[in-house]
Amino acid sequence: DSGVTQTPKHLITATGQRVTLRCSPRSGDLSVYWYQQSLDQGLQFLIQYYNGEERAKGNILERFSAQQFPDLHSELNLSSLELGDSALYFCASSTGTGGFNEQFFGPGTRLTVL
Amino acid sequence: DQQVKQNSPSLSVQEGRISILNCDYTNSMFDYFLWYKKYPAEGPTFLISISSIKDKNEDGRFTVFLNKSAKHLSLHIVPSQPGDSAVYFCAARWDTGNQFYFGTGTSLTVIP
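Chains as they are written, first to last, in our numbering: chain A, 1 to 114; chain B, 1 to 112.
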């Protein structure tokens with residue numbers, strides 16, 4: 001158990017809908033990262049937050065947004081969903097940002113868009 | 001553009017033998033490399049890392065080798081055990097950025 005929790009574990013929805021994925025980092029970790037893993041793809045970095053502020057942005061679509069709340073949990077919002085958004089979404093946390101901070105991953109949320 | 005590549009989607013090895021997983025990268029700015037291991041229905045877990053100032057890092061049965069001139073790293077597992085069966089991802093980053101770049105993973109099966 002990495003100490004990172006993600007809810008829900010599975011989510012099935014329809015095209016055009018909006019969903020929210022939730023992540024609680026390990027106790028004491030200030031950084032939260034979101035990744036997308038599509039079929040036969042590696043983990044694609046989406047976005048990082050550090051202590052409530054956006055720190056780095058990867059290949060995140062404009063239809064996607066995220067935020068980190070004062071209690072340090074984070075939410076990833078996916079809107080106008082398309083079939084191609086079906087994927088595993090992982091959240092990871094680390095103590096800091098920059099340097100060689102190990103990232104601890106949650107179990108992921110499997111999103112299926114029908 | 002996949003900056004970190006794992007060209008072997010799968011690998012099967014007999015228990016007790018050596019497993020060698022390979023990873024290639026394109027960005028010469030990468031200065032830190034990691035291997036993650038992933039079991040089904042779980043998130044990836046950190047396995048071993050190497051800084052670009054080294055060419056080898058060892059941790060028990062796991063050794064990572066880095067060849068900067070070839071932009072290639074490999075993970076050696078000796079001896080391989082059935083519990084090592086998992087998907088292995090390599091990842092890279094450069095210190096000025098917070099973004100990790102992951103490969104597509106290699107599924108290792110260790111046959112008892």
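Don't take every hint at face value.
[As the list claims (entries may be wrong)] If you anchor each label on the Cβ, the simulated ranges turn out as follows:
#1 B:SER107 x A:ARG110: 31 to 39 Å
#2 B:PRO79 x A:ALA14: 44 to 52 Å
#3 A:ALA14 x B:VAL78: 48 to 56 Å
#4 B:HIS76 x A:GLU102: 17 to 25 Å
#5 B:ASN7 x A:ARG63: 39 to 47 Å
Keep in mind that the hints were calculated from the coordinates and are not lab data. C-beta: ideal position from N, C-alpha, C; glycine also.
Do the hints match the structure? See the list:
| no. | hint | result |
| --- | --- | --- |
| 1 | B:SER107 x A:ARG110: 31 to 39 Å | violated (18 Å) |
| 2 | B:PRO79 x A:ALA14: 44 to 52 Å | holds (49 Å) |
| 3 | A:ALA14 x B:VAL78: 48 to 56 Å | holds (49 Å) |
| 4 | B:HIS76 x A:GLU102: 17 to 25 Å | holds (21 Å) |
| 5 | B:ASN7 x A:ARG63: 39 to 47 Å | violated (32 Å) |
The structure shown violates the earlier hints numbered 1, 5.
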